[in-house]
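Put the complex together from the two separate chains, hints included.
Residue numbers (this note's numbering), protein chains in the order written: chain A, 1 to 603; chain B, 604 to 850.
Calculated directly from the structure, the hints in this document are not laboratory data. Be aware that one or more of the hints could be misleading.
[Said to hold, decoys possible] Using 20 Å as the maximum straight-line C-alpha spacing, the simulated SDA-like pairs for lysine to any residue come out as follows: (1) K729(B) with G678(B); (2) K755(B) with S12(A); (3) K674(B) with E639(B); (4) K674(B) with L15(A); (5) K729(B) with S12(A); (6) K755(B) with R21(A); (7) K755(B) with W25(A); (8) K755(B) with G732(B); (9) K742(B) with S695(B); (10) K729(B) with W220(A); (11) K742(B) with R807(B); (12) K674(B) with R616(B); (13) K674(B) with G641(B); (14) K729(B) with A27(A); (15) K729(B) with L14(A); (16) K729(B) with R9(A); (17) K729(B) with L15(A); (18) K729(B) with R21(A); (19) K755(B) with A519(A); (20) K729(B) with L20(A); (21) K755(B) with N777(B); (22) K674(B) with S695(B); (23) K729(B) with S695(B); (24) K674(B) with N610(B); (25) K742(B) with N777(B); (26) K755(B) with R515(A); (27) K674(B) with G693(B); (28) K674(B) with P611(B); (29) K742(B) with R809(B); (30) K729(B) with L741(B).
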Amino acid sequence: MKQSLRTSRPRSGLLIGLALRDLGWDALLTACLVASLAATLAPILILFALRSGVVESLRADLVEDPVFRSILPAETRRYPDEFFATLAEREDVAFILPSITRGASAVNASSSSAEVPLDMLPTAEGDALLEHFSAAAPPGDCVVLSQEAADALDVSQGERITLSTRRQMDGRFQSAEVDACISAVLPERADVVARVYVPLSMAVDIERFREGFAVPDRGWSGRLPLVPAVYDGAYVFTDRPVSALQRAQLASVTGFVVIEDGDENQRRSETLAALPDRVHVLRLSVVDQPADSDAIDRVRAVLAAYDPAIQPFVANLSARLGSDGLIRSVIVSDDLIAETPPSSALSEWLWIIAPRSTGLSIGDSTDLVVQLGGEPQSLPVRVAGLRESADVGIPLALASVLRSGSAREIELDLESDRLFLARESFRGFRLYARSIDDVSGLVSALSEAGISVIAQVQAIERVRVFDRGLTLLFIMIATIAGIGAIIAMLTNLYAAVERKQASIGHLRLLGLTRRAVAAFPVIQGLAMAAVSAALAFALAASAGATINTLVGPQLGFDRPVSALSAGSGAAAAALMLIASLIASVAAALRTLSIDPAEVMRHE
Amino acid sequence: MDDPLPNPVVEIRDLSRVHRTRDRTFEIYAPSIMIEAGGFYAVVGPSGSGKSTLLDMLALVRRPTAIGSFKMWPGNESVFDIGEIWRTGGDSDLADLRRSAIGYVLQTGGLLPFLNVSANVALPLKLLGARARSSDILKMLDEFGMRQHARKAPNQLSGGERQRVAVVRALAHNPALVLADEPTASVDRALARNIVLGLADRARSRGAAVVMVTHDEALVEGIADRRIRLVRSGEQADQVRYETVLE
Numbered sequence: 001m002k003q004s005l006r007t008s009r010p011r012s013g014l015l016i017g018l019a020l021r022d023l024g025w026d027a028l029l030t031a032c033l034v035a036s037l038a039a040t041l042a043p044i045l046i047l048f049a050l051r052s053g054v055v056e057s058l059r060a061d062l063v064e065d066p067v068f069r070s071i072l073p074a075e076t077r078r079y080p081d082e083f084f085a086t087l088a089e090r091e092d093v094a095f096i097l098p099s100i101t102r103g104a105s106a107v108n109a110s111s112s113s114a115e116v117p118l119d120m121l122p123t124a125e126g127d128a129l130l131e132h133f134s135a136a137a138p139p140g141d142c143v144v145l146s147q148e149a150a151d152a153l154d155v156s157q158g159e160r161i162t163l164s165t166r167r168q169m170d171g172r173f174q175s176a177e178v179d180a181c182i183s184a185v186l187p188e189r190a191d192v193v194a195r196v197y198v199p200l201s202m203a204v205d206i207e208r209f210r211e212g213f214a215v216p217d218r219g220w221s222g223r224l225p226l227v228p229a230v231y232d233g234a235y236v237f238t239d240r241p242v243s244a245l246q247r248a249q250l251a252s253v254t255g256f257v258v259i260e261d262g263d264e265n266q267r268r269s270e271t272l273a274a275l276p277d278r279v280h281v282l283r284l285s286v287v288d289q290p291a292d293s294d295a296i297d298r299v300r301a302v303l304a305a306y307d308p309a310i311q312p313f314v315a316n317l318s319a320r321l322g323s324d325g326l327i328r329s330v331i332v333s334d335d336l337i338a339e340t341p342p343s344s345a346l347s348e349w350l351w352i353i354a355p356r357s358t359g360l361s362i363g364d365s366t367d368l369v370v371q372l373g374g375e376p377q378s379l380p381v382r383v384a385g386l387r388e389s390a391d392v393g394i395p396l397a398l399a400s401v402l403r404s405g406s407a408r409e410i411e412l413d414l415e416s417d418r419l420f421l422a423r424e425s426f427r428g429f430r431l432y433a434r435s436i437d438d439v440s441g442l443v444s445a446l447s448e449a450g451i452s453v454i455a456q457v458q459a460i461e462r463v464r465v466f467d468r469g470l471t472l473l474f475i476m477i478a479t480i481a482g483i484g485a486i487i488a489m490l491t492n493l494y495a496a497v498e499r500k501q502a503s504i505g506h507l508r509l510l511g512l513t514r515r516a517v518a519a520f521p522v523i524q525g526l527a528m529a530a531v532s533a534a535l536a537f538a539l540a541a542s543a544g545a546t547i548n549t550l551v552g553p554q555l556g557f558d559r560p561v562s563a564l565s566a567g568s569g570a571a572a573a574a575l576m577l578i579a580s581l582i583a584s585v586a587a588a589l590r591t592l593s594i595d596p597a598e599v600m601r602h603e
Numbered sequence: 604m605d606d607p608l609p610n611p612v613v614e615i616r617d618l619s620r621v622h623r624t625r626d627r628t629f630e631i632y633a634p635s636i637m638i639e640a641g642g643f644y645a646v647v648g649p650s651g652s653g654k655s656t657l658l659d660m661l662a663l664v665r666r667p668t669a670i671g672s673f674k675m676w677p678g679n680e681s682v683f684d685i686g687e688i689w690r691t692g693g694d695s696d697l698a699d700l701r702r703s704a705i706g707y708v709l710q711t712g713g714l715l716p717f718l719n720v721s722a723n724v725a726l727p728l729k730l731l732g733a734r735a736r737s738s739d740i741l742k743m744l745d746e747f748g749m750r751q752h753a754r755k756a757p758n759q760l761s762g763g764e765r766q767r768v769a770v771v772r773a774l775a776h777n778p779a780l781v782l783a784d785e786p787t788a789s790v791d792r793a794l795a796r797n798i799v800l801g802l803a804d805r806a807r808s809r810g811a812a813v814v815m816v817t818h819d820e821a822l823v824e825g826i827a828d829r830r831i832r833l834v835r836s837g838e839q840a841d842q843v844r845y846e847t848v849l850e
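Bound-form chain B, shown alone (with noise of 0.2 Å):
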């Protein structure tokens, strides 16, 4: 008997998922990854081995093709077999979870153009039916520096504003899992590992665990607990295999 996890968010084994372009098949595979709350997880690896597609099944947005076992606890106690939510094709139920659970900071910040700084930052706590007091959404964006934008349009803010407020919005509604994909791509370095710094430390705080790609492996050093690296394990014919380590 395995012992107890000490506070997981995600336990995944056996997961896969089978990409094929015109001439090619892509397969990424996770035997094993354990995600714990509060941990802070870089997903690495070479361009085009399936960092995003991971974060995509994380983000329970992507199908995977194989499933041996995908289990999510969104921070209650409760655990979710999402392999079972996706068999039985439950959309509300997987809306559910990205909206309780689950904290996103894309690209260029994924910010909602029609409303403004504080609006957005409002929005996870409003979708959950949660009040979303003015004076609690200004002092999140304070801890970012953000407080004196919150009236501001999205279009209105820098790329490294922009993506101070994603964070703020991911950790709005203190989700269990936060994913991150290459936040800080458009930022410049300083910047970046400034924004990583804030992310995961409030996640921290927060017991969030926070799973974020990059390509960029220096700008986590220091910062990443685990990493999750994608490897190249078997190629064939017109068949490519990436399969994570956990490391």
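Same shape as in the complex, but just chain A (with noise of 0.2 Å):
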């Protein structure tokens, strides 16, 4: 029998129009909460305004200076070439670049009108520095000054100035120029020190220079970067034995530090070189780094008294001869140290005694490989004799310089037929982190990898600190005016529902259902929310433009003081609804427990 009416069901947006009439029916006292509701929420939003702009103020500082987000080492060390590529790589890292010794970037800089010293700065292309003030990284031999060092100067963009430094070499001072054109000038607030921003390669060569190495491409002169020969001991041959006075003498000023009595043995598994007439034996040797002829040098002077024979030695230095596998070196050559390998050229020392069992005879050419700086690399050797031991043989001369190689790199110069002593590591960098949040980051990884640096952690910490604090004070007030804003906003709706049970029960009898009354509440909160964030943020706004007029310029501050968004009113009334829905629940349900019968009879 039950049967559809086929009636519509009221529109919502007729529920929302009563229940906003009833409200502006009830203007007074609508307008009591929503004006307690504003001035619950506009402190919070003014508290939220002043947290925005002081810590984004203070904030925005740390992430515009560079200064911020710099990392530097706080010593001295060598940094190999993949320390760089590695970080290069890291997402949080915007730049890095090597940097060179402190000695080396004291430079003078000249002008028509002055001469000053400069402190100089290797940078490349994305310095964030340069960046930073929108200064390009200087091309080709140009230079980037700070203000302090145009000033000093009286120079300006588009000029030239020579840069100059000097070093002391063979008891006569000599200089190296450059002439540079000026690139960029930097702000007085990028750099308060006279500086020059020079291409790393100009400071790599100033830095060659200085260190007294000559630097053919720019035509100064210098010694040349030999490898020197370096050894892992030596057997030294007397007549008499040595004192305990001079072995102790021996451990402590030459560099060999482990002095033991020869074993004859092992000294041919280590030499090839004939046994002096001499009686008594010591072998000294190193325990780790290499030694170098001036350690020999020592011993001779310690022992000068008993006349040694010294015979240095190479020890596990590791070669591959043609295609075959690893062998061990042996030395063969009675070469003294008088002779210095480097000295002569590389094609008069390129030659090895071969296993026999090889089938290489004398006078064949062929390649002996030899691991240097950690990579393979293959030089022309002739044989110069056979033996039947399956090691080769190679002069002391090469192996102390192969010797060098193993922990240094080294360039083969076919031009010159010299061996050459790469260029060094780095002793330091500069890096930039890609933001202030990843400055602690990067210094826990450098310091993780043994290396300590200089970071604005304390400074960027500060500010984390305040922004915690404040956000924890804010989010307490925020808190305990919300449960307030709830409570009132509670209080006021039930106690509407309490005193409308009337016109409740009237809507029921006209036909709506409990859950349309239920609404009802809930979209006079929501109304009352909305105008009241509306409001609230009105207030907030003028409070903090009049705070920003007035406290602002006495605080310093060249950013707003206090930073509201329409971001924020619109969170601060998005919270608002919420609070506004949790409030009308309990007046929902009171509706819900409204007998329309009851109306009728005490209505």
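If you want it as structure tokens, here you go:
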């Protein structure tokens, strides 16, 4: 029997209209509640705006100033090329560039009117400091000057200056000069030091000159970076036993820290040199780093009274002959250190005594493959002799320089027929994190790698702590105020339902469902929350403008002290709407218990 | 087989409701009530006999304790088993029936205070999704001499004016049934008679049945077609029973 009435349900727009008209009829009470809610919310918004303004202002200072993103090494050490390559690939690294030694960074600069000492810093494309001040990396032989430097030299962009450096070598002062154009002058706040930013290649050239090396590309003379001969130890032959005192002296001053009696079998495995006609043999050796020829001189000086014969040796040098497997080299030359190997052409000592098992004949040519700087490198050698042993013998002169190459990168210069030391690793770096939030992570990563660094972690952390503190304070106040707002709204909405039982009952009689009348206080709560949020936003915006006008200049802020964004207003409105939903639940439940029959009776 | 009903609006058989107070139990029992379209029914009886409770049940806001049969014809030849709707707890179905089939006139009008006279009258139509043209509303108000008060708020009207507006609103959506609970209790007798006459006339002309609770039988003398009298039919130690008698 149940049938449908086919009657349309009241439209939600009608319900909303009725709820709002009810609010309008109760305008005074509605206005009171809206005002009280706005008065609760406005201070929260002002506090939030102040938090945002102050913290963001401090944070922006940190973000904008590259100094706070810079990370510098706290100590001088060698940083291999892989170090720079690895860091440059990290997402949190905006820029990294090697730096030169402090000693080499002092240069003189002269213009037509002045000559001043400047601090030199290498730079390159992507330098965060230069980019921040809209200066491009200097091209070619151009440089960028700090304002201090430009003022001292009385020069400006586009003019030219001469950079010069000096060194003392062989008792004489030598100088080198670079004529450079000024591609940019940084503003004063970028750098308070009289400083010149130069391309990395120029800085490296100046550093090498300062270290005494020649820089052929710039026409600067100096010594060549020849590979030094180094040894793992030496056998000392004397006619009489070396005293305990001399032994102790050898261990303390020569660099050979292990002093022991020589063993002939061990000696034969380490050197094929002929046994001098002496009775007493000492074996001196290093623990880790090989000793240079000066160490041999010191041995000779300590044992001068013994007139020793000294046979240096190189141990643990691995080499491969042609395509054979790895074999251990044996030193066959009895050359002493007086014949410094690098001083002569490489081809003079590129010879070996090959194992007979290799099938090589005297006079043949082959390749000696050695590990240099971690990479295998082939050296063309000729066979000067054959031996039964599986070991290959190479001259001490060659072994001693190859031993250098095992620790330092060396380069074979075919043109000059010499082995040269490759450029040493850089001694420092200048790094900029992508953002201030990346600084602490980078500092940690570098610390874990054993690299002590200097960074503005504390300054960044201070702002973070300040931010966290203010946020916590804000949350606490907002929570308390929010609870207050919910209670105020809840009691008002509940009281309104109590007061308007008759109207609600009438609406039920007129055909609204329980659910529809339950929506009444919800709609009214939302409406009042929205209006109070808008009012609070307007109040907070006005207060913020006043604060920015009156207080900002006194605090020396160049950004708004109070920063209230539309997003903040929207968030506050959303929170108010959520609070109103929570608050209206009790009132909505109360409407469900209103009995329209009672309304009919007591209306 | 019963004769077909001429034009029923409500048919009740064996309907009862028990109401308990702290020391007594009251029962109202309606063995058989037939309310026909266009009829004017006065619910009379002594105070406390359950007149308003009967009206509550007809208004579908008070659930009977026992229902033999309770049918309603909202005017479109459909018939609704109210007992079944109560059993299935269909709040929205009851709301639909209240909205479309029933008009109400309460003791002080029952007007919504936040709507003006015109909006109060238009509300039943709007709730049905019907168009409430201003001219139609004014015409309806004009029938009760209330046109000039169309823009006034209910609290700006006298008691008699509010009741007349309430009558207009009760009839605005052409309900099949108009329920009135002491609608003239707050006005003087002459005006009360006038209002009841107006209600009866307009309802009859629209084919609507009117069920009016009154303690003043003289008020409906010559107006009511039938009386539903509540008479005491039994009393035990702590229980009183009233039964409807259709006169």
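Here's how the hints hold up against the structure:
no.	hint	result
1	K729(B) with G678(B)	19 Å, holds
2	K755(B) with S12(A)	26 Å, violated
3	K674(B) with E639(B)	12 Å, holds
4	K674(B) with L15(A)	30 Å, violated
5	K729(B) with S12(A)	12 Å, holds
6	K755(B) with R21(A)	15 Å, holds
7	K755(B) with W25(A)	13 Å, holds
8	K755(B) with G732(B)	24 Å, violated
9	K742(B) with S695(B)	32 Å, violated
10	K729(B) with W220(A)	100 Å, violated
11	K742(B) with R807(B)	18 Å, holds
12	K674(B) with R616(B)	9 Å, holds
13	K674(B) with G641(B)	17 Å, holds
14	K729(B) with A27(A)	24 Å, violated
15	K729(B) with L14(A)	8 Å, holds
16	K729(B) with R9(A)	10 Å, holds
17	K729(B) with L15(A)	10 Å, holds
18	K729(B) with R21(A)	15 Å, holds
19	K755(B) with A519(A)	27 Å, violated
20	K729(B) with L20(A)	16 Å, holds
21	K755(B) with N777(B)	24 Å, violated
22	K674(B) with S695(B)	17 Å, holds
23	K729(B) with S695(B)	17 Å, holds
24	K674(B) with N610(B)	13 Å, holds
25	K742(B) with N777(B)	14 Å, holds
26	K755(B) with R515(A)	30 Å, violated
27	K674(B) with G693(B)	15 Å, holds
28	K674(B) with P611(B)	9 Å, holds
29	K742(B) with R809(B)	15 Å, holds
30	K729(B) with L741(B)	15 Å, holds
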